[in-house]
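**Student:** Letter by letter, the chains look like this.
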Amino acid sequence: MEHKRERWASRLGLILAAAGNAVGLGNFLRFPVQAVGNGGGAFMIPYFSALILLGIPLMWIEWIIGRRGGRMGHSSTPGMFAALWRHPAAKYLGALGLFLSLTVMIYYVYVESWALAYSLFSLLGYYSGIGDLAEMSGFLRSYQGLNPEGPFATVATAYLFLLVTLFINFAILYRGISRGIELLAKVAMPLLFLFAVVLVVRVFTLGTPDPSLPERSVWSGFAFLWNPRFEELGHTSVWLAAAGQVFFTLSVGMGTLQTYASYLRDDQDIALSGLSTSTLNEFVEVVLGASIAIPVAVAFFGLQATQEIARGGTFNLGFVTMPIVFTLLPQGELLGMLWFGLLFFAGITSSVAMGQPLIAFLQEECGLTRKRAVLLLAAVVFAAVQWVVFYYGYGFDHEMDFWAGTFGLAVFALIETILLCWVFGIDRAWEELHRGAAIRVPVAFKWIMKYVTPGYLILLLAIWTLDEALPKLRLQGVPLQDVPYRWQSRGLMLLLLAGILAAVAWAWRRRREA
Amino acid sequence: MELTWGGIVFWALAWGGIFFLSGYVLVRLLKTRDR
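Chains as they are written, first to last, in this note's numbering: chain A, -11 to 502; chain B, 106 to 140.
Hints may contain errors.
To be verified - Partner residues are not named here, just some residues of chain B that face chain A (Cβ under 7 Å, in silico): (1) Thr109; (2) Trp120; (3) Val130.
What the hints assert, rightly or not - Which stretches of chain A does chain B cover? Using the computed rule of at least three CB atoms under 8 Å from a CB of chain B, they are: (4) 78 to 91; (5) 205 to 211; (6) 454 to 465.
Honestly, the hints are just simulated from the structure, not real lab data. Even glycine gets a Cβ: it sits at the ideal position worked out from N, Cα and C.
This is chain A alone, in the form it adopts within the complex:
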C-alpha cells in the first residue's frame, strides 16, 4: 500500500526528537555507574576519545544513511542498506537494525515504567520511612516481585505501571511522527532539562551534609570524577567500557537515528542537526547527568560505599541510593518526583524511537496500515516483555542487554560504517553529508569515518569477543539456577531475529511479484 511520506513539522522538533532518542536512561543511570566502576577520572579520557572518534562520526554516518534512505522511500535499515549496496544480503544486514531496536525496547520499557512508578511513590512519600541501603534495596526487589516480605507482595504494581507505560508509548507511536513523537519531544525535553537543572543546582548547594565527616562531600564526588588518573589508562577494560557507554548514550548502532533522519527532505541539513544531537546529548550526560548521582552518593555514603553500590548493578545508584537521599532532604518528595520524572521523560523519548523503525518497516515494506503496524508491534513487545517481568531475578534482561544492547550495537555500527564509507564510497558519502548542510564538517572527519572509526570498531569487537563475549557465551560465572532462563532469553532473541529475517524476505518477494 502506497502512503504519503511523513515529515517533521519543524527543525527544532526534529533536533529535540533526535536528542530525545539519544538522551535516555543511559545518561542518568548507566553513565554514573560506568564512570564510578571504571575509576572516575580514568574513565573520562577514553570516554571523550570514543566520543570524537566513534560517536560523532557514527552519528553523521547514520544521518547520511537515513536521509538517503528516505529519499528512496525507505525509513528502516533493510531498505536503506539495500539502496546502499545492491546485493541480496544487504537487506538482511539491515534487518539487524530492526532486531536491535526491538530487543532493546522490550527490556527498556520495563525500567522506564519503574521510573514512572517511583515518581509517584516519591510524591506520595511511599518510601519516606526507609533510611538505609539494604532496606531500600529490599523495597526495589519487592517492587520487582523478588521480595514477598517487602511492601509489595507480588509484581502486580510493577505490572500495572508497565501496562500504563506501554499504552503511552504505543499511543504516541500511533499518532505518528509530527503529531506523536515530535510533540512528545517538544514537551518532554524542556521538562527533562528543567528538572535536571533544578537537581544539579540542589546538588551543588549540598556541600558536606554531615560536618563530622568532612571527606563526604559533593566535592569529593566531583574530585573522583574529574581528577585525571593517567596510570589507569593502560587497562583495556576502561577503554571498552567508555566506548560501550558512548554507543549506548548516543543511541548509535541501533537503527533508530536512521529512521528519524529518513523523514527529512533531501535538501534539509544533516551535518549541523547530527552535531546538535550529539552536543545536546553530551550536555545532558557530562554537565547534568554527571553532576547528580555520583556527587550525591559520595556526599551521603562516602566514596568506597558508592563504588560498592555501583558494582551492585546499573540501577542501584538511581533506584536505591537516590531515594534514600531524598528522604533525608527538605522537599525530598518533590526532588524525588523530579528525579524519577526526568528518568521517565528520558526513557520514553528513547523507547518510542526504538519502536518507530519496525512500524516504518511494516508500513512501507509490508504494506500494513499504521494502526495494524502499531498493534502488531504492541503485541510482540507485550508478549516478549512477560519473560522480562517474570524472570527478572534470573538475569533474563542481562542477556538481552549484552547481546543486543552492547555487543550488537558495535557489530551493527561496523556493518553500516563499512557499507557507507567503503562500499558506497567515502567521497559520495561526504558529498551527501554536505548537501544542504548548514556547516562545513572539518575534512579530518572524512578520514576518521573511513579509517579510524571502522578500525576502532574492529579492535573493540576483537577485544570484546575475547574478553567478554566468549565467557558470556559460555555463561561463565552465571549462577546455576539462572542458566535455563539465560538460555530462554537467547531463544527469545533468536525467535525475534528469525521472525524479522522472514518478514524481510517476504517483503522483498512481495515487491518483486507486485
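With chain A held as given, fit chain B onto it using these hints.
**Tutor:** Structure of chain B alone, referenced to chain A:
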C-alpha cells in the same frame, strides 16, 4: 578526596568544550533557521 589542579583543569576543559560547542551549534541553528 580533594579536587586537584589537574582535576579542575580537566573539568573546565570538558565543560568548557561542551558549552562552547553548544553555543556554536545554537548560533548556527539560529543563523540558518530558514533553511
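**Student:** All the hints need checking, so say for each whether the structure fits it.
**Tutor:** Taking the hints in turn, this is what the structure says about them:
1. Thr109: Holds. Min distance 5 Å.
2. Trp120: Given a least distance of 6 Å, the restraint on Trp120 of chain B holds.
3. Val130: holds (4 Å)
4. 78 to 91: Coverage by chain B is violated for the region 78 to 91 of chain A (0 residues, Cβ < 8 Å).
5. 205 to 211: holds (count 4)
6. 454 to 465: violated (count 0)
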